[in-house]
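Top line first, the protein sequences correspond to chains A and B.
Okay, so the first sequence: first residue is 1 according to our numbering, each after it adds one.
Okay, so the second sequence: first residue is 1 according to our numbering, each after it adds one.
Think of the hints as simulated: they come from the structure by calculation, not from any bench.
This one's a predicted model, so the numbers in the text were calculated from it and none came from an experiment.
Be aware that a few hints might be false.
Covered stretches of chain A (in silico footprint by chain B; criterion: 3 or more residues with CB under 8 Å from a CB of chain B, positions within the stretch not fixed) [to be verified]:
1. 82-92
2. 102-115
Here are some of the chain B residues that sit facing chain A, going by a computed Cβ distance under 10 Å [to be verified]:
3. L7
4. K11
5. I15
6. Q27
7. R71
8. I111
9. S124
10. R295
Every residue gets a Cβ at the ideal spot worked out from N, C-alpha and C, and that includes glycine.
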Amino acid sequence: MSEVAAAGAQVEEPARPVRIVLAKVGLDGHDRGVKVVARALRDAGFEIIYTGLRQTPQMVVEAALQEDAQVIGLSLHSGAHMTLFPAVVEELRRRRAEDIVVFGGGIVPEDDIVELKKQGVAEIFTPGAPLQSIIDWLRNRFPAR
Amino acid sequence: MPERNLLAEFKAGNIRGLARAISLVEQRDPSVRHLLEGLANGARRPRVLGFTGAPGTGKSTLVDALVSNLRESELRVAVLAVDPNSPYSGGAILGDRIRMQRHALDPGVYIRSMGARGHLGGLSVATREAVRLLGAFGFDEVILETVGVGQSELEVAAIADTTLVVLTPGLGDGVQMIKAGIMEIADVFVVNKADLPGAQKTMQEIRSMLSMGPKLSWRAPIVGASAIKGEGVDEVLAAVERHRAHLEASGEAAERAEARLKDEAADLVAEWARAQARRLLDQDEAVAGRLRRDRIPYAAAEEILTRAGGRLVPEAART
């Protein structure tokens, strides 16, 4: 057997970048925060698919499935997080895609964070959270292969 | 999703199977071969429309409007939206979906954003395989959308049956600037935002530029449109249909199909060979040593080719 075959011929692969769908769910037009996060994650090497405003949970999940994203990031400042965040998790379950990680950002009280985590939201970042903490959390969750 | 289920998921028409398969293609995973060869429709090719133009010319909005038209004819439509990656971080913000919201829940529409990231054999290899997958999955039309910033539009034009270059009024020197590049790949020119002042002038400039060129069997039509108002969209599709009819009638369609297949095979050989060459160069002291002595790469390259011979096919692609 030649060295070539012994080397276990494999086409060299570029590392798969983590793909993240970022979305604003519900009736909330405050998109400055999500754009800042999108920009920071881009600069940290993530592929961000930004879907824009006024998304329903169904639209967000459909986008994540079509885009083969590993993560969904939700941004919400309207106070409807206790309804909309779990609705996204539930829709993922319905589509048999529970492996997709959901995290959120917005004005979310401590008690709600505890409850949301119980319901399957992996992490919540509140106002003032350093961008680096979001990046670190994602890198920790998805170590480079 | 475990890889062994991929074929089953794909065959069952599960969108996740398709999405995962396209990711494999993007990562240049050689095992995609088995997927494509294992599908009854593996060789079915959809019709491919390519859209390119400067950022902000309204490509996504135009594509959105076109998708609606095609859906009225019950055609299944896939959109591959290619955006540039940052050359520094490798990251990307892919935002083409924003303009295509109304199709978000239509099962007859699939939208996929692709970063133009460092595909080793170039974006074209990955895009071509993605188009194949979409055809096999049952899509009739594939729309390739790409920003004309020099990263990807030429490669994409080589894949599309019809390439549309989207311009807007007021680009001024912009028209001059892109003359040498993307102006030559257009089968159809769309002057979008044609309700803005200067649209006639832009169309006139394109016409004048075309008249300076050689007489070709196909003269690219110039169509004015306002995608956001839905105006001119029928005319754009009509121009596409005329171009398709021209390709068929002139025999160019068959020629291009054969040329594309040959390109595809040659690109695969190049990709596989490059991977093996890298491996030998990194792992084989004889080859590496020769390179160090020679300081010129030709003899080492020849030795690699001679040695690798029939073993160039990556393990995961072998049958």
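*Can R71/B be said to touch chain A, with a Cβ gap under 10 Å?*
R71/B check fails; min Cβ-Cβ to chain A is 16 Å, beyond 10 Å.
*Have a go at the K11/B hint: is there a Cβ in chain A nearer than 10 Å to its own Cβ?*
Violated - the Cβ of K11/B stays beyond 10 Å from chain A, reaching only about 17 Å at its closest.
*Let me know if the C-beta of I111/B comes in closer than 10 Å to any C-beta of chain A, holds or violated.*
holds, 6 Å
*Taking the least C-beta to C-beta distance, is L7/B closer than 10 Å to chain A?*
violated, 16 Å
*May I ask you to test the interface hint for Q27/B with respect to chain A, counting a Cβ-Cβ separation under 10 Å as satisfied?*
Cβ of Q27/B sits 5 Å from chain A, so the hint holds.
*asked:* Hint I15/B vs chain A: min CB-CB distance below 10 Å?
replied: holds, 5 Å
*chain B over the region 82-92 of chain A, status - at least 3 residues with CB closer than 8 Å*: As far as the region 82-92 of chain A goes, the hint is violated, because 0 residues have Cβ atoms under 8 Å from chain B.
*Hint check: is the beta carbon of R295/B less than 10 Å from a beta carbon of chain A?*
violated, 23 Å
*asked:* Min Cβ distance, S124/B to chain A: is it shorter than 10 Å?
replied: violated, 15 Å
_Assertion that chain B covers the region 102-115 of chain A - criterion: three or more residues, beta-carbon distance below 8 Å_ = Answer violated; 0 residues pass the 8 Å Cβ test.
In this structure, the hints that do not hold are numbers 1, 2, 3, 4, 7, 9, 10, in rising order.
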